[in-house]
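One letter stands for each residue in the lines below.
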Amino acid sequence: MPDQHHRTTTGSPPTPTLEVRELVKTFGTVRANDGISFTIMPGEVHALLGENGAGKSTLVKSLYGVHQPDSGQILRNGEPVTIHSPATARELGIGMVFQDMRLIPALTVWENVALHLSDTPFALRPRALRARITETSERYGLATHPGRKVEHLSIGEWQRVELVKVLLGGLDMLILDEPTSVLTPQEVSGLFDMVARLKSEGVAIVIITHKLREVRQIADKVTVLRGGRTILSDAPPATLSDDELITAMVGEPVAILEKRSTSAEHATAEPIIGLSGVSVRRVDGDWGLREVSLEVLPGQILGVAGVAGSGQDELSETLLGLRQPHSGTVMLDGAIVELPAVARMRKAGVIAVAPDPIRQFVVPGMSAAQHAALWNAAGSYSFDTRKADADLARRDAAGQLRVVAGSRRMDRLSGGNVQRALLTLALTSPCRVLVASYPTRGLDILTTERTRTLLKELCEAGSAVVLISEDLDELLTLSDRIAVLAGGRLTGIVPAAAADRRSIGELMTGKEAAA
Amino acid sequence: MTVRNDEALAVAPPRAIAALLGFAARIPWKRIGIVVGAYAACFVAFAAFSAWQGGNPLTLVQTMLNSSMLNGDALVQTLLRAVPIGFAALAAAIPARAGLVNVGGEGQLILGAVAATGTGLALGSQVPGPLALVATAAAGAIAGAVWAGISAAARVWLGTSESVTSLLMNFVANDIMLFLIYQPWKDPAGSGQPQSRPLPGSVRLGTLFGGQLNIAVFVLFAVAIGMWLVIRRTGWGFALRVVGGNPEAARRNGLPIKSLLLSSMLAGGALAGLGGALNLMGVEGQLQPGVTTTFGYIGFLACFLGRNDPIKATLAALLFSAIALSGNGLQLVEGLDGSIVNVLLGAIVLTMLAIGRKNGERI
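Residue numbers (the working numbering), protein chains in the order written: chain A, 1 to 515; chain B, 1 to 363.
The set of hints was computed from the structure by calculation and includes no laboratory data. Given the structure is predicted, the values throughout are model-derived calculations rather than measurements. Certain hints may be false.
Here chain B is said to cover these stretches of chain A; the calculated rule only asks that three of the stretch's residues, wherever they fall, bring their Cβ under 8 Å from a Cβ of chain B [claimed, not checked]:
1) 333 to 346
2) 377 to 387
3) 426 to 440
Quick partial rundown of chain B residues pointing at chain A, CB under 8 Å, derived from the structure [said to hold, decoys possible]:
4) Arg233
5) Gly235
6) Trp236
7) Phe238
8) Val242
9) Gly245
10) Arg251
11) Asn253
12) Gly254
13) Leu255
14) Ser259
Glycine is no exception: its CB is placed at the ideal position from the N, C-alpha and C atoms.
Working from the sequences, and respecting the hints, build out all of it.
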């Protein structure tokens with residue numbers, strides 16, 4: 001299926017699958033791509049590395065015809081091309097899997113694939129198409145169920161369907177936009193196996209990431225973007241150290257947090273919050289949590305791992321007193337609490353970094369200072385915006401997370417700035433329990449490291465931290481214990497010192513820990 | 001020549017002018033232009049429609065102004081008419097801060113008038129004047145609050161949409177009033193007309209400045225400013241804005257959402273009830289069918305036009321009151337149907353809806 005006509009002449013160097021020369025793309029006054037050049041050879045895995053806002057997504061969207069570059073050249077197999085639209089890109093043999101996956105949940109897998117393919121006849125032939133899907137799935141080790149509805153798929157399978165869909169279209173260049181951020185370690189290695197298979201067939205693969213580990217694992221070349229410019233072009237990653245790559249991404253060296261030395265000295269402390277046999281129903285009637293029992297201990301970081309939607313949000317909402325469990329008991333300082341009891345938990349010093357700040361934290365029309373006033377009021381009616389404004393500046397000095405000025409309207413800020421404002425409030429508040437959901441999601445490396453340091457300091461000061469994260473490295477670095485959720489069940493709580501990516505990954509897929 | 005040009009460039013403008021320029025730059029000229037243009041377009045469209053109906057578009061504006069603002073009597077009428085509309089607008093504006101849609105201003109006005117009639121007739125001749133006056137107005141406010149409270153309670157505990165229930169309860173309120181004036185409260189001296197007995201003088205609002213103007217207008221303005229301050233300067237007002245802006249954020253901050261929703265609707269209902277009572281005590285004097293004649297709905301539109309801001313909503317109520325009254329002039333002078341002003345009113349509301357959406361604002 002992959003087009004291999006580029007392997008023509010012997011002796012002379014092979015023609016690049018794609019060459020980008022001095023590509024410029026501006027949005028208003030923002031130069032998202034400011035003269036980017038790099039080259040992708042056939043059968044090469046090329047990592048595009050950079051922070052949020054470095055211009056990676058803009059660049060690949062130009063390659064896939066979503067954006068039209070303002071200037072610069074794209075050469076396809078040595079020929080200059082203009083990619084007017086994603087349809088043009090597909091005709092040229094370029095496929096892309098987007099970060100926000102583009103399937104229609106109400107349709108089945110094969111129907112989604114049929115929508116995507118340009119050679120779908122007017123009268124659908126489901127059986128033939130399903131056979132093609134199965135064949136491609138098997139060839140690349142992508143387990144899919146063509147007859148199932150997309151809304152019932154796990155995120156990993158959802159992504160495999162995306163891949164099958166794109167592969168069926170026929171391609172010799174594949175773009176993957178941050179494909180690993182939603183996957184379990186096992187699914188990541190499955191994805192990388194598929195990448196290796198495609199590579200052996202001569203397909204060129206561009207993979208966007210900000211994880212150095214992945215660059216080292218699969219990339220043949222790396223191009224680093226920063227502020228819309230190419231800082232490093234077509235470099236073999238083996239010749240570069242981690243520090244060199246991070247400095248290229250950030251512009252300055254960043255001290256990466258060392259793994260915390262954990263000990264069992266707090267193990268005898270009284271738990272602040274204890275769940276026993278807690279089950280929570282979701283709005284759609286499914287179980288969010290099933291029979292979960294765990295203890296939140298002072299001076300400890302309890303990591304919570306799991307693929308997206310395994311019950312993390314239900315767990316954090318239960319700890320915060322936002323939900324009424326279907327069954328089971330929640331204890332606060334040894335006494336049973338009837339939930340929901342938001343105000344009571346808040347008064348007891350339980351605070352949160354909300355999993356979805358835009359939806360759960362930002363009040364449209366209100367300034368950052370007003371959000372600080374709301375935070376400081378802690379459920380009471382005494383809001384003092386002026387005092388909160390000064391307080392926010394003081395918190396910023398303590399937190400060093402570069403929060404925006406108090407007068408800025410929160411609903412007009414970028415996701416990263418909203419997150420920094422929320423983190424500044426949460427991480428500089430005296431508290432007994434901090435339930436932090438995905439605190440470093442979408443942050444640049446500097447802020448991520450600063451956030452992790454603050455979490456560590458909070459824990460050293462004796463607070464309990466519940467760290468819910470999709471980043472296993474983060475959990476392994478910071479946690480004392482790691483609780484793993486799969487499908488709402490607690491499949492294990494393991495000491496971080498004894499855990500590794502593989503063992504956590506197995507628990508994430510639902511295999512219970514050996515008692 | 002070039003030298004002088006360079007010099008001119010190098011000389012900074014005097015500070016006063018610079019300040020003025022800075023101030024001018026901060027005025028949203030584009031926005032003002034859009035709004036003024038939109039109003040102008042509405043008037044042009046209305047003039048064209050009037051011309052089609054046989055009016056004279058050139059004298060139209062003059063006639064409208066004459067019959068609503070440009071003479072003392074007309075201005076007083078506009079101000080008096082603005083009382084029920086303005087209070088109904090405030091009744092929608094306060095719950096709107098908490099994200100609630102109170103379409104029940106009409107019914108709350110009616111029940112305010114009903115309660116004021118009952119109280120005024122019962123107390124007017126027995127209790128000392130000022131006390132009876134206050135009790136009558138208060139009864140109206142309480143009745144309006146109770147009526148709105150039913151919709152709010154249904155929303156909070158049963159999850160029904162308050163916009164639907166409050167709208168439907170307008171018809172119930174009207175039926176209650178009709179029942180009372182056809183049956184138990186019917187004026188024996190009313191020559192068979194369905195109307196209540198007139199309120200005794202002790203519970204009527206006295207006129208001011210030798211005309212028909214009464215204190216209700218000033219109460220409206222005071223309440224509007226008061227509500228503006230309450231929304232901006234009190235914890236309750238702040239909490240309402242949080243609930244209205246993002247209920248999930250309010251929940252996560254431990255704010256008592258149910259009591260905030262209830263209290264905002266109760267406050268709104270009380271304002272409409274007060275408006276109904278004051279209109280009755282000041283202008284109508286007795287309960288009769290059509291005591292509100294859709295003031296509640298016009299007030300709702302005024303609140304919308306004022307973007308849920310108490311002061312802007314009250315100003316919009318004044319504008320709508322003036323437009324409604326200018327219908328009289330059009331009927332008398334231009335020979336048009338008086339209700340033609342509803343075309344202008346509708347055009348303004350629709351245009352504001354359109355440009356509001358265009359600027360990506362929440363409505």
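Quick rundown of the hints versus the structure:
1. 333 to 346: Result for this restraint: holds, n = 3.
2. 377 to 387: Our answer is that it holds, as 7 residues pass the Cβ test (under 8 Å) against chain B, meeting three.
3. 426 to 440: Result for this restraint: violated, n = 0.
4. Arg233: This interface hint is violated because 10 Å lies over the 8 Å limit.
5. Gly235: Gly235 of chain B check passes; min Cβ-Cβ to chain A is 3 Å, inside 8 Å.
6. Trp236: It holds, given that the least Cβ distance between Trp236 of chain B and chain A is near 6 Å, below 8 Å.
7. Phe238: At 4 Å from the nearest chain A Cβ, Phe238 of chain B passes the 8 Å test, so the hint holds.
8. Val242: holds, 5 Å
9. Gly245: holds, 4 Å
10. Arg251: holds, 7 Å
11. Asn253: Asn253 of chain B check passes; min Cβ-Cβ to chain A is 6 Å, inside 8 Å.
12. Gly254: holds, 3 Å
13. Leu255: Since chain A brings a Cβ to about 6 Å from Leu255 of chain B, closer than 8 Å, the hint holds.
14. Ser259: violated, 11 Å
The structure is inconsistent with the numbered hints 3, 4 and 14, although it conforms to all the rest.
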